[in-house]
Structures are given as structure tokens and as C-alpha cells.
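Q: One line per chain: the protein sequences are Y, B and W, in this order. Per our numbering, the very first residue in the first sequence carries number 1; after that it's consecutive. Per our numbering, the very first residue in the second sequence carries number 1; after that it's consecutive. Per our numbering, the very first residue in the third sequence carries number 1; after that it's consecutive.
Since the hints were made in silico from the structure, they are not lab data. Hints are not guaranteed to be accurate.
[Stated by the list, open to error] List time: in silico PhoX-like cross-link candidates among lysine-lysine, alpha-carbon distance up to 20 Å:
hint, chain 1, residue 1, chain 2, residue 2
1, W, Lys65, Y, Lys109
2, B, Lys89, B, Lys134
3, B, Lys23, Y, Lys373
4, B, Lys89, B, Lys21
5, B, Lys89, B, Lys23
[Stated by the list, open to error] Computed footprint of chain Y on chain B; a stretch qualifies when at least three of its residues, placed anywhere within it, have a C-beta under 8 Å from a C-beta of chain Y:
hint, stretch
6, 108-122
7, 162-174
8, 266-277
Only a predicted model underlies this, so the values are computations on that prediction, with no experimental measurement involved. We treat Cβ as the ideally placed atom computed from N, Cα and C, and that holds for glycine.
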Amino acid sequence: MDHSPILVVITPFVGAYLSPLLGLWRERLCYPVAVAAALLSLFFSFRLAGSVLTSGTIRYWVGGWEPPWGIELVVDPLSAFMCLTISLVSLLAVIYSKNFIEKELPRGKMTSYYTLILLLIGGMLGVVVTGDLFNLFVLTEIFSVAAYALVAISGKRGSFIGSYRYLILASIGTSLILLGTGYLYIITGTLNMADLAVRLPAFYDSWVVFGALAFLLIGFGIKTALFPLHTWLPGAYSIAPAPVTAIFSAVVSKVGGYSLIRVLFTIFGLEFITDLVPVAPALTWVAAATILVASMFAISQTSLMRMLAYSSVAHIGYVVLGVALAVEMGMTGGILHIFNHALATGCLFFCAGAVIYKTGIRHIDDLRGLGGKIPLTMAAFTLAAASKVGIPPSAGFVSKFYLSLGALEAGEWIFVIVILLASLMSAVFYLRVINLIFFGGDKHEVRRDELPLSMLFPIIILALGCAVFGIFVGIPLQLVEPAVMVLSEL
Amino acid sequence: MGAIHPAVIFFVGAALIPLFKGKARSIFVVGVALASFIYMLFLEPQKGWEFSFLGFNVVLFNADRLSLFVGYIFVLIGLLIILYSIHVKENEHHIFSFLYMGSSLGVVFAGDFFTFFIFWEILAVTAAVLIWLKRDERSLGAGFRYLIMHLIGGGILLIGILLHFFTTGSMEIGGLTGVPFALILVGIGFKAAFIPLHTWLPDAYPKASLTVSVFLSVFTTKAAVYALARSFPGIEIVAYMGGVMALYGVTLALLQHDARKLLSYHIISQVGYMVAGVGIGTQLGIDGGLSHVWNHILYKSLLFMCIGAVIYRTGKDDLTELGGLARKMPVTTIACIIAALSISGVPLFNGFVSKAMVYEAADYHDVLYWMLKLASVGTFLSFCKFTYFGFLRKKEIEAKEAPLTMTIPMIIVASLCVLGGLYPNLLGNILPYQSELPVYTLGKLTDTMLLQGVAIAIFFFGRQLFIPHRREILDFDYIYIRAAGGFMWFCRNPVSSLASGMDSMFAHLARIFVGTARHSPLRVLEGLAGWMDRLSLAAEEASNRRVQREKMATSEQGNVDVKSIDSALFLVALMLAMFLLYLAVKHLL
Amino acid sequence: MTTIVIKTIARVLVPFLQLFGFYIIVHGPVSPGGGFQGGVIVGASMILLALSYDLSSAEDRASHKVRIIMDSTGALLFAGIGLLCLLVGGVFLEYGIIPLPMAPAEVRGLMILLVGVAIGIHIMALAASLFLHLAEEHDT
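If we strip away everything but chain Y, and leave its shape as in the complex, we get (with noise of 0.2 Å):
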């Protein structure tokens, strides 16, 4: 019997028990916990996606109780791929906030800082791992509710009220969840997400089963910072310390992502969402007008940080737009380019938190020259961004290219040119700072002077990322392609 299901998630959390603990009497042990257990739940992932590979689906019951009563957590190749995913990044967030919290935060933060990132990510693996449609909804609370921590713990001005904002727009979200989840669970008496699999088909032609639907999807989608429900989005994320957004972007808005995956294609099928109630078509539309007009608030940011806000939401777009297409090349692009862009994304906001780390500068006109001082971290920034415009041979590039095929096959040539049209958008706003940042000139006091090897190290490797997974892309497609298969079968 393999435990890594449960190990999985269970390691973030107990290494957030433990870190306050130890915090109490030495506040510098906390980082190592913290990048122990971090490290603990990458193995595990590694571990569930090898079986995952050879054995298929892994189903565990926990406490041995058989599901429908016991909980039940249920790995596919979805399921390990996030895992993988999150937990990689994660642990790259945790290794990187070292010096940039001893620096950014104020005194005595560090200890709940990093128990709310591991609680963060604990609920998140939580969230991917879990066969159980409540439980789904109560882990999201649990990250909900860290996240919401992690972007008011600077204590700086606005933060408080960004975070508050957030908050008041994700419980809503929550909220809906809650109201789907309980609609679900009245109408079929079950909340395993097999189980409602099996059993909604005799209600589909009822109100409650609509109802349900439509509220998980409003849900799930404020969640996932679907247009117009993105609103919390770019205040949070720039607002959080940098670390805290890079897993907000590259991780913890694709969860929201995940679950909606989840809730439309394992629980209410494939025919339902796109015969019989045109959800998936829908969210197309949807998807394609997020990917439009956040490139286009993207190019008028003069910000860093909201900028790559923007192009951030624009990207779910991407995520949601390949698997509401719901073919076969759209969804392996979708689902590949969560992988894809969190490598990408994370490095973005790794590099952005560098620059303010370094210097401060949060604006874009101030970047000039900043390519003579930090040019490792720069030169990592470029790569991430060449992957965001989907400029080939980059990692973004073959998403994108698995993404418009998609398009091809379920005959939408529209979408097509709403993703040649953001991503030339895209090369508009990422060219500006690259061009500023290698070609603008010198105007900075600083010298040459690269950053600690705890926060270089966790660019370099996503930067590198994004290179090698534009070439070799058969590595993430391993798991893509069953996840696929298993969800279309469904």
C-alpha cells in the first residue's frame, strides 16, 4: 500500500504545527522546517506520479472506511500532475523567502509566515488530492484563509485593506461553493465525487442539479479570477510579498482552475457540460474575453507587479479555455500550460521581488539598465517572459501551440486569433521592459551585485524550466496525456 496520498498532504502540515513550536524558541528554525517539509511533499509527489504512471488511478480510504462514508482521496494523472506542480513551486517560494522575509517583513512575522505557507500549500495538495467534493470545499477555505494572512502580513499601508478586499470576494466565492456543494448533496444524498458521478444522471433534468452548477461555477470562478470576477486579483498580488505571489500566480488561482476542471468534468461529465447545458462553450467565451482585456490592462499598467498581475489572469484564461474546448489537443494544452506557466509565472514575480529586494523600484520606467547589475536574474527574466509571449522554442510556445490546435479541432478558428492577438499583446508589454532593462541605458548607483544564492537559485531553475520543457516536452506530457484520457472518459 502506497501512503503518499496522505502523506502528501499531511507533511506541509504538520510542518506548520511544528514551526510555530520551534518558532517559540528559536524563530530561525522555522525556515528549515519549513523547506524540510516543503521538500518532504515534492518526494511524496514525485512518488505519486510514478505510481500514478504504473498502476493508474490510486484510490485511498482513509482510515480504511469504504467511500461513500469514509473519506475517500483519489489520485489520477491530474491529480499527481498538480501535485507535482504545486509542490514544486512551492518548495521553490519557501527556498527563495529566506532573505527577501528577513528583509521585506517586519520583526517577529517570520514564524507565522511560514506556518501560513505551509498551511497554504497544505491546503492546496489537499485540495488536488481529495475525492470528496466537501472536503474539496473545506480545504479551499483552509488556503483561502492563509492566503489571505500572507497578503496582509507586510503590514505595510493598503495591505490591509487588499487583503480585506480579498477576502470579502473570495468568501463570496466560498459561499457559493458551500450553497453548490450543499444543492449537490440534498438532491443525490452524496458528496464522494465518484459517487455523484454515478448517481446525478438520474436528475439531470432538475432545477437543484442548474442551480448547483451554476453556483460552483460562480464560485470556482471567482477563484480562479475569471473576467469579470478578477477584480481582488491584482490588488492582492501586489500587494503580497513576492514569494507569497509567485504561488498565488503560478499555483493557487490554477487550484481554483483544478477544481472547476473537477466539478465539470468528474462530477457532471463531459455530455452534461456541453450538450445538454452549454456550460463548456460558454466558458470559452468567457476564457477568450479574460485572455482579451487583461493583456489589454496589462499593457497600461506601469507597475511591475500589476502588470504581470494582468498578463497572470490573462494566462488562466489560456488554462480555462483549453479545457472548456473539450477536445483532446485543447485540454492537454490547457492542462500542460498550468504546468508551463506556473514555471514561468513563478519565475516573473521571483524576479520582480528580486528587483525590490535589490533596489525598491516597482515601476516600470525605473528599470532602465538594471541588466548591467543583476544579469543572471534578468537574463532568467527574459526567458520567463519569451515563455509567457510563447516564443518558441520556449515552454509557453508549445502550450500555445497545443492550445490553438485545440481551437483547430473543435473547429473555434476565432480562438486562434484571440491567442495570436494576446500574445502579440503580451510581446508589446513584456518587449518594453526588456528592451528597458537591457537596452534603456544606466542610470542606477548600485554596482554589479547578484542576489543571495538562496533567492538565484529558485530562478535559475524555473528559468531554466521554462527553457528545457519547450524542448523536451515529452516529460511533462507523460502525465498529461492520461489526465486527459481519464478526464474525457469520464
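Fit chains B and W to the known structure of chain Y by using the hints.
A: Leaving out everything else, chains B and W in the frame of chain Y:
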């Protein structure tokens, strides 16, 4: 695996450049270029480096006669230009020029559309970086526009390729029909500088550094001509587009005063000949177009080298300021005259040979034939202008002969130009169809001499007309820049004020609802009036650009307004209401 | 507004509240209730103390440090019992498999009791913290 892909030599070389310094680097750089040249000479036509990806075959390396022919000239001229640019001290320059050349070879040896597209994009990106390396405001802007144009072209090409893949199920180059045909043609047209997609060329090339513009003048457009020859031989529109390019390029070239801008417009014009030859599509036409690629690369890079040497020594590149160089820089001047004679198609120089082939092929298309002939008169005129005002006329100027690393490649290229003219069938063996045309016939000679005599007469009697003036010549890019500026304005003003306007309007609407609950209906009216105010206010804001921008800059950090919570709440409520309405309607039906 | 009436009632009530809370925790395996409910009641008793007397008297009995230690210990104890089941070859929280000299049902009951106590400790600290931590003065 088969033989090593020649691009790999350049890519690996680029990766190793940072390990060397000073002299060692110069030797290494030239050594790599020389190695690739020698390696290329022994390359046999073959297919290799195939693997399967996404359900189609990716062929990284496909060498046939056509690609080898273009490959030869690319590595040959690459070697000479690298020698020419050896004085540049920046590592980045050498690294990116290696990547640039490597990706152009990647395009040439691509065996399928996917590989082709990937190298096509890298070619654009590396070229833009090369332009940016000048590091001044002008080159920044030009490189930016260059890259955006090429990315648009690349995107169109990609859609075309995807559609092609979807309709035929194969990624092989060729066999295009319908919509993908048009899209791929336009996509390639961006790089081949079709009118009106050419604006990046005269925009960027004069603004790059002097060595970079030599590189650029060779690879980008010629890779596109190669792509046309491979996928669109014998398409009539393409042939006529070639004619238009030849005429349009030469006309605008005549009006220029910036020496490198003049040469850039001539690239468009000369590429027009190649495109015409390829578009005609007969064996002679394709061979003519391709041998024009070969010859054009020689004399055009020589011209850019000459003007580069002049800039290197005098720091000037404006025809109004140049002149009097014949004494000061004799080698450069002679090389330049040879190149000018070649490009003008004077007998005994290589331009004459390939142009004769294209004319011969175009003989059956009356309009096209005369377009090309007319363009050749213009070419001759503008090179009279170029050499006379740039080098020969009497003027005091501070200069001395260029360094040996510059003159040696110039001498080599110049002698190749002459060699090509003296032995017109030298290329016959390696041309794809091995066509040989007796070019030095009485008819052709008299025909050419007549035209050129006319041109010389026009130039010397109307010299006043050709004196270079400083003036801005509007091209299509005026429209593009206006359109792009409009789009940016649209994003910065209406869109962002729409966002903030939406926020405040929703907030107000929410307040109206609260008001209705609390007070009399009169409050609603009042609220509505306030809402109308908001609308007109938002419109006013949209028109006030600067205020808006400052406001955005200040409201960037911190001041998060709580209003948008209301808006989000309202949106959610609205969605729910709509959903309920939908349910109700559906239920009633 | 703390009058002698309130203080007296609170002084009488708090021990009974806590006793009731512990009762609920301990009876978790056999009757309605359990760690969460009991923990909340015990935590609420601390809140009552803080409301009727003042913050510092509640802080004296359950200081910030103590709450953190209880909170973490409770959670870790719970996770520890779960992981113990893994060590002896069962799945997470599969109590019955723990080799003790008792019938499996009895082992199960014992372990549920332990888990309940762990959760109780965790929750009582948490519930008290929710109020006390917000009411504490912060130096930011």
C-alpha cells in the same frame, strides 16, 4: 542521426564564445565560421534528424540541392562578415550574430513546417536583439517595431501552418491550397518585405550598428526568398508582387539621403527580382531568382561593408555630408564602385548575369518584364547618385583607409562579384535545375547598354535633381505607427477608464439599491441623476489623457478603493439574477 | 461594565463549563460530542473569563505562548496518531490495526478517545486564541 546539422556548429560556437577573450576570441569566432564553411562544402544532399512529435514527423535536417545552394552562400558570406566585424568588442554581438546565422541555416535546412517556423521565429528574435545592441533610443524603437512586425508575420504563418496541418494532416512543406496558402504566403511575405509589409526593413537596418546592418542585409530576406522558392514556385501573384517590390523599392530609394536607408530600399527592390523569378516558376525563373540571391548577397553585403567602413572612419552616414572619399579611402571606393556596377546590372559583373536570367524568364509576362526593366534603370540612377555623392564628388572630409580586417573581406567579396560576372556559368553546377543561359549575347548586351546609357545621360544632365536633400519620406509605416499608437491609446485611456468607470458606476448602482430599500422612491430618481453624472464624467475622463495617466500612476500602490467590492458583489448578484430569470423563463416555456 | 454580579456568576460558571467541556471530549467515542465540541466549550470559558474580568486575567491563565504550544501539540498529536497507523501497516487513521493487547473494537475506542483529546486540546487553544489574540494589543 546522419551528418551534423550545420546550424549546430554556430549554436555550439555561440555557447562557447563567453569562454574566450581578446585575440583568442577573434581566432575562435573566425575559426568556427571557417569550420562551418569547410564542413558545408562536403555536405551531401540528405535527410536526417527526424523524430515524431504530436503525430507528425519533424525533420530538422533536410539538405537537397535548393537548400544546399542557399546554405553555401550563407556560410560563405557569414565567414566574410564575421571577419569584417571582428573589431567589435562586445561578446553579445558575436553570440547573437552566431545565433542569427545558425537559425537562418535552420530555416534553410528545415524539412517540415514546424521546424521551419521555430527557426523562423528565432531568426526574428535574434535579429531584433542585434539591432538593440546599438543601445540608443532610435535603435530601441526600430528593433521593437521590427520584432512586433515579425511576430505578427510569424503568428499569421503559424495559423496558416496549423490550418494546413489540419486540412492535410501533414507538416511537409509544399502542397498548399486555399486559406492556409494565403496565410502562409502573407506570413512569409512579412519577412520577404512584400509591399506594404516591408516597413520594418528601411526602418531598422539604417538604425542598427554598422556591422549588424551587414548581417541583416544578408540573411532575413533571403531566407524568406528561399521559403518562397520552396513553397510557392510559379504563383503569378508572387511574380507580380516581385515586380511591384522592384519598382516601389527603387522609387523610394531614389528619394533617400541616408546612405543605409537608400541601400535598404534597394534590398526591397532587388528582392523583388528574386521574388519575380521564383514567382514565374519555370526552371530558368527559379534558377535566375536563386542565382540572384547568391549575387545579391555578395554585392549588397559589399555595399553595406563599404558604407560601414565609411561610418567607422568618418562617423557619418548621410549622403549630404559625405563625398571626397576616393583619395582618402581608395580600396573602399573601388569596392563600392564594383558593387554598384554589380547591382546596376552592368555587363562583366555578377548582377548582370542573374538579372539576365530573370528577364529571360519574364519574357512571356509583358507587364512584369517592363516593371523589372524600369526598376533596373532606377537602380542604375540611384547608384550613380550613391557613388557620386557618397564617394566621388569633391568635398573636404576627414578620413583614412579602413583597417585590414575590414578591407580584406571587402576585397574578397568584390573579386567574387567580378568573378561571377566573368564566368557567368560558374554557379550552374550547384543551381537546383542547373540551367545555363548564354548571357553575353549581342541582343542582351545592346539592350542593357542602351538602358544604362539612357540612365547615365539622365543622371549627368539632370544632376541637380538628384542632389540629396534632408527630408522625411513617408512610407506605409506612418500608418502602422499611427494605428499602433491608437491602439496603445485605446488601452491606456478608454479601456482603463472603462475599468475605473465600471467600478464607480456599479458602486453607485449598488448605492441606489440600498437607497430604494431605505428611503422613498424619490431617492431612486436622485440616484439615477447621479448615475448619469457619472457617465458623463467617465466620458470626460476618457478624453483627458494626461490627467488619467497621472491618476493611474499615483493610485498605483496602496490606495485600494473599497468600491470595487461593491461592484463585485453587484456583479455576482446580477449574474444570479440573470440565472434565476433564465430558469424562470425556461420553466414558463 | 463588569459588575460584581457578573464576576461572581462567571467565577462559578467557568469551572463547570470547563468540566462540561472535558466531559464532552472524553465521551466522544460513545456519545454525541467529541474533541471539537468540547474544545470549543473550554475555549469559550476562557472567553467568558476575559469578558467578565479583564484580558490580563485570561492571559494569565492561558498566555499566548501556552496557547501556541497547546494548539500545535494537539494538531501534531492528531497527525502523530494518524501516522502511527501507517507505521504499523494500516492506512492513515486506521486505528483498529494498532497492536495492543485488546480487542480491535476496544483499540478503536481508545484511539478515538486519544484523537478526540488531541483535537480538544487543539480547538480549545484555537477558540481562545480567536478572541484573545484579536483583543491583545499589537505593537504594529
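Q: Confirm or reject each hint.
A: How the hints compare with the structure:
1. Between Lys65 (chain W) and Lys109 (chain Y) the alpha-carbon distance is near 15 Å, which keeps this suggested pair within the 20 Å criterion.
2. Restraint check: the Cα-Cα separation between Lys89 (chain B) and Lys134 (chain B) comes to about 13 Å, which is no more than 20 Å; the hinted pair holds.
3. For the given pair, Lys23 (chain B) sits about 27 Å from Lys373 (chain Y) by alpha-carbon distance, which is inconsistent with the 20 Å threshold.
4. As the CA atoms of Lys89 (chain B) and Lys21 (chain B) are separated by approximately 9 Å, the hinted pair is consistent with the 20 Å bound.
5. Between the alpha carbons of Lys89 (chain B) and Lys23 (chain B) the distance comes to roughly 10 Å, so the proposed pair stays at or under 20 Å and holds.
6. Counting residues of the stretch 108-122 of chain B whose CB lies closer than 8 Å to any CB of chain Y gives 4, so the stated coverage by that chain holds, three being the minimum.
7. Coverage of a stretch by a chain is defined here by at least three residues with a beta carbon nearer than 8 Å to that chain's beta carbons; for the stretch 162-174 of chain B and chain Y the count is 4, and the condition holds.
8. Note: the stretch 266-277 of chain B has 0 residues with beta-carbon separation from chain Y under 8 Å; the three-residue rule is not met and the coverage is violated.
Violated hints, in rising order: 3 and 8; the structure is consistent with all others.
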